[in-house]
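Peer 1: Make a model of the complete structure from these sequences and hints.
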Amino acid sequence: MRAVQITEFGGPEVLNVVDLPDPVPGDGEQLFDVATAGVNYADTHQAENSYLAPQTLPLIPGAEFVGTPAGGGPRVVGLLDGGGYAERTATHPRLTWPVPDGVSDEQALAVVLQGATAWHLLRTSAHLAAGETVVVIAGAGGVGTLAVQLARRWGAGRIIATASSPEKRALTQELGADATVDPALADDDPKAFAAALREANGGKPVDVVLEMTGGNVFSGSLSALAPFGRLVTYGMAARQETPAVPPGALMQRSRAVIGFWLAHCMARPEMMDDAMTELLQLVEAGDLRPVIGGRYPLSAVREAHQDIRSRRTTGKLVLDPRR
Numbered sequence: 039m040r041a042v043q044i045t046e047f048g049g050p051e052v053l054n055v056v057d058l059p060d061p062v063p064g065d066g067e068q069l070f071d072v073a074t075a076g077v078n079y080a081d082t083h084q085a086e087n088s089y090l091a092p093q094t095l096p097l098i099p100g101a102e103f104v105g106t107p108a109g110g111g112p113r114v115v116g117l118l119d120g121g122g123y124a125e126r127t128a129t130h131p132r133l134t135w136p137v138p139d140g141v142s143d144e145q146a147l148a149v150v151l152q153g154a155t156a157w158h159l160l161r162t163s164a165h166l167a168a169g170e171t172v173v174v175i176a177g178a179g180g181v182g183t184l185a186v187q188l189a190r191r192w193g194a195g196r197i198i199a200t201a202s203s204p205e206k207r208a209l210t211q212e213l214g215a216d217a218t219v220d221p222a223l224a225d226d227d228p229k230a231f232a233a234a235l236r237e238a239n240g241g242k243p244v245d246v247v248l249e250m251t252g253g254n255v256f257s258g259s260l261s262a263l264a265p266f267g268r269l270v271t272y273g274m275a276a277r278q279e280t281p282a283v284p285p286g287a288l289m290q291r292s293r294a295v296i297g298f299w300l301a302h303c304m305a306r307p308e309m310m311d312d313a314m315t316e317l318l319q320l321v322e323a324g325d326l327r328p329v330i331g332g333r334y335p336l337s338a339v340r341e342a343h344q345d346i347r348s349r350r351t352t353g354k355l356v357l358d359p360r361r
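Each residue of the sequence shown is one higher than the last, beginning at 39 in this note's numbering.
You may find that some hints are simply not true.
Label pairs and their in silico Cβ distance ranges [what the hints assert, rightly or not]:
1) R306 <-> G111: 24 to 30 Å
2) G286 <-> D57: 33 to 39 Å
3) R161 <-> A230: 28 to 34 Å
4) P265 <-> E212: 29 to 35 Å
5) G169 <-> P107: 43 to 49 Å
6) S348 <-> T94: 24 to 30 Å
7) D227 <-> S348: 19 to 25 Å
8) R161 <-> S88: 25 to 31 Å
9) G64 <-> W192: 36 to 42 Å
10) K242 <-> R277: 30 to 36 Å
11) E237 <-> P112: 48 to 54 Å
12) P285 <-> D227: 20 to 26 Å
Simulated from the structure, these hints should not be mistaken for lab results.
Since we're looking at a predicted model, the values are computed, not measured.
Where is the CB? At the ideal position from N, CA and C, for every residue including glycine.
Peer 2: In structure tokens, the structure reads:
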């Protein structure tokens with residue numbers, strides 16, 4: 039089979055398309071033919087070995103796919119520990135879900151990891167209450183575009199999205215954001231970024247921040263929180279160390295910092311079932327709009343990683359393993 043293999047850690051240049059034997063399913067696993075593979079920002083960390091779980095070489099990246107069981111069967115979308123950037127992959131059927139006929143491969147991939155993350159960020163971690171102000175960092179990204187829509191659907195009082203260009207900020211408003219902020223304000227001064235978030239909220243602090251950048255964006259977001267506000271952190275896109283948060287800084291305003299990683303939901307598949315059932319139904323009904331950022335041939339995997347790292351993309355990126 040054709041697959042993307044990494045034999046040394048680094049940037050997009052370490053992604054090589056090679057011919058490899060088909061994977062051998064482990065205990066309880068099943069072999070699947072991959073029609074479309076999803077690309078996530080976390081994959082760029084996996085290539086560098088800079089993410090939460092240490093990687094072992096050689097490896098095939100990719101945490102999600104749409105395909106069919108080898109030998110035939112219904113189309114499913116599934117999650118993986120790795121191995122998605124390939125013509126075939128193996129995973130436990132418990133981590134796959136049927137794709138409704140009215141949902142495309144790209145749409146299914148948009149919701150299985152990024153959509154489920156947005157769902158759990160708001161419901162499980164932040165416990166969003168009706169009327170609260172929600173800040174979505176990287177609101178034009180794969181998680182962000184869905185989080186903006188879900189926050190609106192679930193009764194957020196005001197939604198503020200950050201995005202790095204006028205076009206991306208306009209997209210977030212089209213999806214339901216009430217106001218936007220340029221995250222570049224945090225580059226030199228997290229206080230300026232915090233002030234911009236409060237200004238976008240009518241001069242008041244905010245209730246919930248979904249944060250995936252780290253560094254100054256994290257610090258500014260934390261400063262912008264109201265009493266009983268929650269900052270949910272789920273990424274490290276800035277590749278910067280985030281300053282430590284002293285307990286007193288949380289107690290002074292009754293603020294909370296919450297970490298989230300979807301891998302822990304994968305270990306409890308029933309948590310994924312709740313999210314996937316609702317998300318796929320919303321997409322099929324036309325009530326949730328996944329933004330598709332591009333479909334790349336497997337042979338252009340380096341370009342896909344370069345584009346997502348340089349913020350040239352919006353929404354969901356996917357790979358076609360047959361090209």
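Peer 1: The structure should be examined with respect to each hint, and the outcome stated for every one.
Peer 2: Cross-check of the supplied hints:
The hinted window of 24 to 30 Å between R306 and G111 holds, with their beta carbons roughly 25 Å apart. Separation of G286 from D57 is about 57 Å and departs from the stated range, judged on CB atoms against 33 to 39 Å. Range check, R161 to A230: Cβ separation about 31 Å, and the 28 to 34 Å hint holds. Between P265 and E212, the C-beta spacing of about 32 Å keeps the proposed range 29 to 35 Å intact.
A beta carbon spacing of about 46 Å between G169 and P107 agrees with the range 43 to 49 Å that was offered as a hint. Here the CB-CB span from S348 to T94 is close to 28 Å, well matched to the stated 24 to 30 Å. Roughly 24 Å separates the CB atoms of D227 and S348, a value that falls within the hinted 19 to 25 Å. Take R161 and S88: their Cβ atoms lie about 29 Å apart, and the range 25 to 31 Å holds.
Against the hinted window of 36 to 42 Å, the Cβ-Cβ separation of G64 and W192 comes to about 38 Å, which satisfies the hint. Between K242 and R277 the CB atoms are about 32 Å apart, so this pair conforms to the stated range of 30 to 36 Å. Remark: the range hint 48 to 54 Å for E237 to P112 is upheld by a beta-carbon distance near 50 Å. Between P285 and D227 the C-beta distance comes to about 25 Å, which sits within the given range of 20 to 26 Å.
In summary, the structure is inconsistent with hint 2 from the numbered list given earlier, while agreeing with all the others.
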